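My request is simple: use the sequences and hints to build the entire structure.
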Amino acid sequence: MKTETEVRRALREWVIRTNGKIAADALTDRTPIIEQRIVTSLQITDLLLFLEELTGRAIDVEKLKPGIFRDIDAIYENFFGKADGV
Amino acid sequence: MKTFLGKPMASERSIDWNLLPGYRWHENGQSTFSGAPLKLYQKLDRLFLQWAGERGAAEHRFPTFIPARELDRLDYFRSFPHLVTFPVTLDPSKDNLAAFVRGAPLDDAGHLQLAASAPIADVLTPAACYHFYIQFQDERLAQPRYVTTRATCFRREDHYAPLQRQWSFSMREIVCLGTADEVKAFLAGGRATVEGFFKKIGLPIEWQNATDPFFEPARSSKYLMQKLDPVKIEMVFNGDLAIGSVNFHRNYFGEAFRITRAGADAYSGCIAFGVERWIFAFLTHFGTDEAGWPVLT
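Chains A and B are the protein sequences, given in the same order.
Per our numbering, residue 1 is the first one in the first sequence, and the count goes up by one each step.
Per our numbering, residue 1 is the first one in the second sequence, and the count goes up by one each step.
In case anyone wonders, no lab produced these hints; they're calculated from the structure.
A portion of the hints provided could be inaccurate.
[Stated by the list, open to error] Here are the in silico distance ranges between beta carbons for each label pair: (1) A:D29 to B:P119: 37 to 43 angstroms; (2) B:P230 to A:R30: 15 to 21 angstroms; (3) A:D29 to B:P87: 29 to 35 angstroms; (4) A:P32 to B:A121: 55 to 61 angstroms; (5) A:P32 to B:R191: 50 to 56 angstroms; (6) A:D29 to B:P230: 21 to 27 angstroms; (7) A:T28 to B:A192: 29 to 35 angstroms; (8) B:A68 to A:D25: 17 to 23 angstroms.
None of the values given here were measured: they were computed from a predicted structure.
From the three backbone atoms N, C-alpha and C, an ideal C-beta is built for every residue, glycine too.
In structure tokens:
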């Protein structure tokens, strides 16, 4: 079981690796990754697969709510925190 | 835009479009206007133009065709193959033209027998605002840019209905290119103006999150993205007919056409009005007698 710090770090590393351009210090947990298209529509499916790997459970796409991938804070809250959105 | 279910609510008037003076419906998904309906068309567009003017938007008039190469940058053909309409011409070789003339150009079903067609490299405009991103490609914007145009747009559908779902229709758009904050402020201001207008004239409109009509949405990552981060809000009349929309494109077009603002890919957004659908809403809600129509200013 990963700690909150480890999960957040893993998410940040995935975003930086996938985007390929953004510098590590330019990405915080509040950076709007969808609005700024740091994660694009072409990468959203990969993000879902990565989250399935991290959480260890399947994600039902139909049940996903708007805003769930807004930033790393939102992803953490919805997939790992109390407000489990899946 | 939303699927139109074709059933007016009890409070709205049911109109026999074949009997409406000044209006003619064509089964191939097009409308002809004259008289009072044409006056309504013109007044509505003047109103949209007035709203565009209040935002300092410069008017443009674009041609009908868009090079396919430009739309391909947006992955348009994979996203909307069911909607796209192409201008087709005959292969210009003498032999082919002679074969076309000698054969029966039209069959009994009214279908053209083209012989060979020439290569197709253009598309009939599917959305008015695409022209702007193509026009402004490679520009560095020193300030936000506000523009407007009305275009005849073409979207092939599996069925058509008078004024509600047409193969060719008029779309007025007011567009902003700038930073994210500039575009968001433009969209918020535009929505407030339109909302205030609906309230003033008493037109029942609900604002609803929506997605673009992607091909095979269940398999479209763009559709999924729009569901997860709504960027399109529609002005929905009677619960089922979108007469316009407010759209935030993020920096999608800025990146695709290398338009920059403040050192980064420009953001963009548009407020779109489907003129025929506005006419439908007006006629069914306020009646076909122009004396009953609200003042459009």
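Margin query: Assuming the hint says 55 to 61 angstroms, is it satisfied by the Cβ distance from P32 (chain A) to A121 (chain B) or not?
Written below: Violated - the Cβ-Cβ distance for P32 (chain A) and A121 (chain B), about 38 angstroms, lies outside 55 to 61 angstroms.
Notebook entry, point to check: Is it true that P32 (chain A) and R191 (chain B) lie within 50 to 56 angstroms of each other by Cβ?
Noted result: 20 angstroms, violated
Next item on the list: Take a look at whether the Cβ-Cβ distance between D29 (chain A) and P87 (chain B) falls inside 29 to 35 angstroms.
Entry: Given range 29 to 35 angstroms: violated, Cβ gap about 50 angstroms.
Item checked: Consistency of beta-carbon spacing, R30 (chain A) to P230 (chain B), with hint 15 to 21 angstroms -> At 20 angstroms between Cβs, range holds.
Item checked: Satisfaction of the hinted span 17 to 23 angstroms by the C-beta atoms belonging to A68 (chain B) and D25 (chain A) -> 42 angstroms, violated
Margin query: Is 21 to 27 angstroms respected by the C-beta to C-beta distance linking D29 (chain A) and P230 (chain B)?
Written below: The hinted range 21 to 27 angstroms holds for D29 (chain A) and P230 (chain B), with Cβ atoms some 22 angstroms apart.
Check: Taking 37 to 43 angstroms as the hint, is the beta-carbon distance of D29 (chain A) and P119 (chain B) inside that range?
Finding: 51 angstroms, violated
Next item on the list: Determine whether the Cβ-Cβ distance between T28 (chain A) and A192 (chain B) falls within the hinted range of 29 to 35 angstroms.
Entry: 31 angstroms, holds
Figure legend: structure checked against the earlier numbered hints; hints not met, in rising order: 1, 3, 4, 5, 8.
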